[in-house]
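Chains as they are written, first to last, in my numbering: chain A, 1 to 368; chain B, 1001 to 1224; chain C, 2001 to 2820.
These aren't lab readings, by the way, just hints derived from the structure by calculation.
Note that the structure is predicted; figures quoted are calculated from it, not measured.
Mixed in with the good hints, there may be bad ones.
[Unchecked claim] Derived pair list, reagent style BS3-like, types lysine-lysine, alpha-carbon separation capped at 25 angstroms:
1. LYS2218(C) - LYS1134(B)
2. LYS227(A) - LYS2464(C)
3. LYS1075(B) - LYS2734(C)
4. LYS180(A) - LYS2218(C)
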Amino acid sequence: MPKRLIIVLAALLLSPVFVWVYQWLQVDKVTETATGLYGGIFDDVNAGQQVVRGTPIILPEDHLSHNNFAVEWWYLTANLFDQAGNQYPLQWTLFRFSDFRPKSRWSNGQQFMGHGKISNAQNTWFEERFARGAVGNAGVKLNPSGQFSAFIDDWLWLSDTEDLFPATLSFSVDNLVKAKLRLNTNMSYVSHGDKGYSAKFSDDSHASMYYSQPFINLAGTITLADKEINVSGEGWFDHEWSSRLSDQNTLGWDWFSLHLDDGQKLMLYNVRHRTLADSWFGSLISAQGIKTSLTAADIFAKPTSFTPIEGQSLPLNWQLTIPDHQINLSVSMFKPDQMNIGRFSYYEGAVNIKGSHTGVGFIELTGY
Amino acid sequence: MIALQNVCKSFQDGDVKHAVIKDLSLSFPQQSSISITGASGSGKSTLLHLLAALDTPDSGSIIVDDLKITELSTKQADEYRKHYLGFVFQRFNLIDCLSVWDNLCFSARLTKRFDEDYIDSLVQRLGIEDLKHKLPQTLSGGEQQRVAIARALAHKPKLILADEPTGNLDDKNSENVVQLLFELCETLQTTLILVTHSQPIASSAKLHYCLRDGQLHPQSRDTG
Amino acid sequence: MKLDAIWQTLTVIFKGYKLYPFRVFLVALALVCACAGLTSVYVLNETAKTSYANQSQPLLNGVGRAIIAKNGEQISVEDYAALRRAGANNLVAVAQNRLEHSSDQIIEVLGLDLYAMMSLTSLLSEPDTQQISQLSFNNSSRYFIHPDHLATLTREGVVKNNELIIDKDGSFPFSFSLTPYAGTGMGNQLIGDIETVFDDFPLSTISYLLVIGEMRIKEDALPEHLFVRELNTGINAEELTESFHLNLLAMGLLMFVVCVFVMMNALHLMMMKRIINFKILRQLGISRLTIIYACLIELIGIALIASFFGTLLGLELSSLLSPAVNQTLQGLYGVYVGHSNISLLQLFVNALAACLIGGLVAIILPLRLLNQRMAIAVTDSPSVPSNYLWLGGSLVCLGLTGLLLWLSDGLVSAFIMLACLLFAGCFSLLYLLPILINWVSNITPVQYPLLKWSNSDALRISRKSSIAFCAFFLAVAANIGMNLMVNSFRVATESWITQRLNAEAYIYTNQTDDVISWLHANYPQIDINVRQAEQGKFHQQSLQIRSYPQDSADQLAMQFDKASQQVWQLFAQGKGILISQQLAFANNLSLGQSIQIERHSGHKVNYIIAGIYLDYGNTQPQVLLPEDAFEKSRQGRKILSLNKVPGSSASISALVSDFPTTFEQTQIIITEDLLKLSMQTFDKTFVITNGLNFITLFVAGFSLATSILVIDIDNRPQRALLRSMGVSSLALFKLSLVQLTLLSMFIMVIAAPFGFFLSWLLINVVNLQAFYWIYPLIVDPLKLSIVFVMSLAVLLATTAIPAAINAKRRPIEDLLCLND
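The shape of chain A in the complex, shown without the other chains:
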């Protein structure tokens, strides 16, 4: 076959490929230029009031929003069980960010982001919502009756009083799964760190005000595919606010909230940094509600396996040891696919505990 004919025919036949390449080169590429963890949204942006060691946490006033600070969240995690023993991990979080923009009809300097998640063994339902503070569809405040409320659209945490508990939490995920739960506790709140002042790095350069309520009893219904399921379980609530949680060299953090079978509660927190050493700290709370602060010297934590999830290699299984408190735990995931895929993606998953204690809890992994 004449070579020139082959070349001509090949050029003709390949012309659609040239067209495709031309088109591909023209496609707008969506690029994000992020700086730091989650686009630097938690970084020290030289705006917002700083937390100061020694500032007391006063409740119930401090349950409300601290608008002068850059970032804040009200974070609930719970492991619910139905009568057949099926597990339904649940997460409900309301984030507040100060954008420090001029006030207008649509903006009051605050933005809100809500995360709602309900899982079972087979599925995970996750929804992310956004709102502007001035519109009126999101906020944290006392309603005219003096009840505490935290809401975004129709997701509502409404307490009976100005305190957080008892309360009713109702939210839906993608209009497919609904939860309506009563939240109760009769235990005191736990302030982490130094009376609520929680330093994130070993050099004390970044800190937040951080308190929790780890002794929450939840009961209510989850509606799944139009079927109502009665559930109950234990929950953990965090409220944290700061203007300086991380910097451009922060790689991410690992966070554990564990309910042990002997009634103890364990919170562990590790911030991973580019230049500084891993910073482990935590709180061990007795069944009576007495908190013992844990430092890096007290905590031995090691991931036992990494699993590829959504393009990231995540340490889903851990060995946690706190020798001084005879705690030696194997923490494993309820199920691998518990990634929260949103504007800021992170892993938030229910865990099961074995070892010196059994129990359930939650793990949060960011920045992998």
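Following the hints, complete the assembly by docking chains B and C onto the known chain A.
Same frame as chain A, but now just chains B and C:
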């Protein structure tokens, strides 16, 4: 009288210039028959084109009956050809969408010299009476050339230029056609200048020239 | 080796290009034009259909509804928040604003609640959520604009260097920095976050709330001042706009068919030029099949190149036409269409397929002729089909047309009927043209030999260019048909609207009561009539129900298609109803028939059809009831008609000047201006049709002219002969123009009756089935003359310059071919 004075004509072929007519000066008598032979590419057709004012020489002048045709404008040249000349080519002599009769009358009507009796006499002389209403494509080569001759003479021109009129014909037809051409020109007292490859045909003319090296060399009627 | 032989043949073909580049160029150009027309129409239609199917709005899909404030009310930010808190978190607030540029261009600016959109990730596709996410956090970009719209505004000088500068009051300019972004469903707007728009437009309000997906709260739970409106999307929009898109497709196909004709003609001319070389190849032992394969490979190559350029040209054409098309669709049908995001590769593949099909169809006849010519030794003239064959073909096609007219029950059969009619026309042309030319030639006095030659020569031209003549005929007939149809529609519309708009001025407002109060206070001598409107149902289909006053002037203003003798008595008594032509035709209703309609309240009422009135341009069925049949509901009282009280000294023009600008979303317009605006809108609607008509005529005219010119090249010996006889080149040039004029006059005379019939079919069959209204066919001699003059001008314009160039050639150049 037709007079050529110091006529030069050359053609450019790339970087080379070919001179086909070099400083030619010659006169042709009126009402005579003149044949011109020469090798292929010698410039015979070029000479005819110059005489027809279809082309202009590089230098020199051509005078036809006191009319300097080398200085005519385009419009004047068209008029000269229309009224003064008749042309017979080797082929494509006839307008293919007109009948023979319309072809015959074409130039005559164009010059407003239409004379039906005269054209009829030409038709008789040339033996093409039966062809009057036919279309040219249906005629044989010889028939077409006879019609072409009649057409060229129909408007009573003073000068007939024939460029290889028998080039496409066989010997017998050639002889007939040329014979008719010479006879008619003589009868109608029309000057005939005929270009041909054929020596016998050339010898039939009163004057025979050979175009060679850009010059017209007179030939005796017996020479080949 | 056979492939060697094919390659050798291809080499001969390619080397021949420099000898007849024009013919090759014409083949490629015809394919490029065919492709471009079809591609542009495909892009316009597919973009619209995708928008309907996706229920597209700017940056959103799946939008079938909107929440709107009732007459005179507004949607507040508090309303919005309350609805979201009640569970309707799938709402997106939209603020619509308009900017008036110094060039009188109106630029639409949309503010969308991007935060609400970011919350809808489960309802939006992945690319949409990505782009919304980018837009909402991209602080450096305030407004986004689709690149096609940006190109249009830049072309019009409104935008320079991606900046839109509005000089608000001449004191200082207000600039908008624009970022081009080809987002889903983006149309001819600037899009920004609603917060940005509220900042830049202090008087801005929430115009409406788009509902993504299904309603998440019950309509009853909406505040009293808000209601849900169904948007024209999905299947509803497809059905509404079907005829419009078919019209576009028909134009594109017509252009394609004409270009295929042009290509066939050009291929024919090209093959005839090659026949000598092909015969030599045959003598050298190359088979006919090899030569045919080589020609087909050549065609595929040309098709590949042509489809590439045709696709790009088609895309450019569609982006030029899409603003007008989208505006027309929005104006006529209330549907929203964004810009296209169709894959270039898909378009190229479609174009290539069309090119190959068109090319193969076009090459059949020339190849057949080539095959025949290569098989015989002598250069015989190809046998000319008997003229009676064309007559027979014409009669058969006319018969089919008649049969389909009798049986036609749908748009598809109607289009087939139109095609049969056009084929009948082509055959008639091929039959009649030689007869007419011969007749003219015979009657030409012999005293004019050049004219006689020219007229006789026209027969030769018509035989050699029969395909090109058919293409030109089709274009002229289609132009006549379309122009007459549009003109008839225009006349009917103008007459109807002039009669119907019998008030002196009209007010369109969302603040009816406030406006009425103002008028009573300031212009008590102005008579105000409020036009009531509501949505009802007829046989489960949406129905417009409107009020109509009954005084004598309004009775005279009504234009009926049919009316009973007691129409107004029945109407006044509340027994009779007036229905629009659309409703009557669509449901086979007639005078005197009893119908039941469902009011907005759900109440069903029976009426007798007292009159069927004209309602051109309204794609919705409509009925008219007396004013007292309406409750004074707040919805649907947006139109006020104004007249001076007889005998008063009130001045409408003074009222218009005094009318305050503080009433929001209110417009006052005197009837004369309204009429002008209506007719301007009408004309704009048909801009595309007119444009495509002209392009088709130009392409066909160009093809015919070039075909004639190419034949003329082959006619050089005849030209040389005439030059040798003293005929001047100017005379030949004039004669060629006379020849063309004669031929085009004949074509137009033959095309005219077919054009009239085409127009009649378009009005009484296609239009009736598509829109359910008809109007009388008006043959305007002026319009017809314009088509004729334009057709002739196109032909002469495309011929004149090359003919003039030909004429400038020295006679010796023509003569040189005589002795070849």
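Legend entry - Which numbered hints fail: 1 and 2
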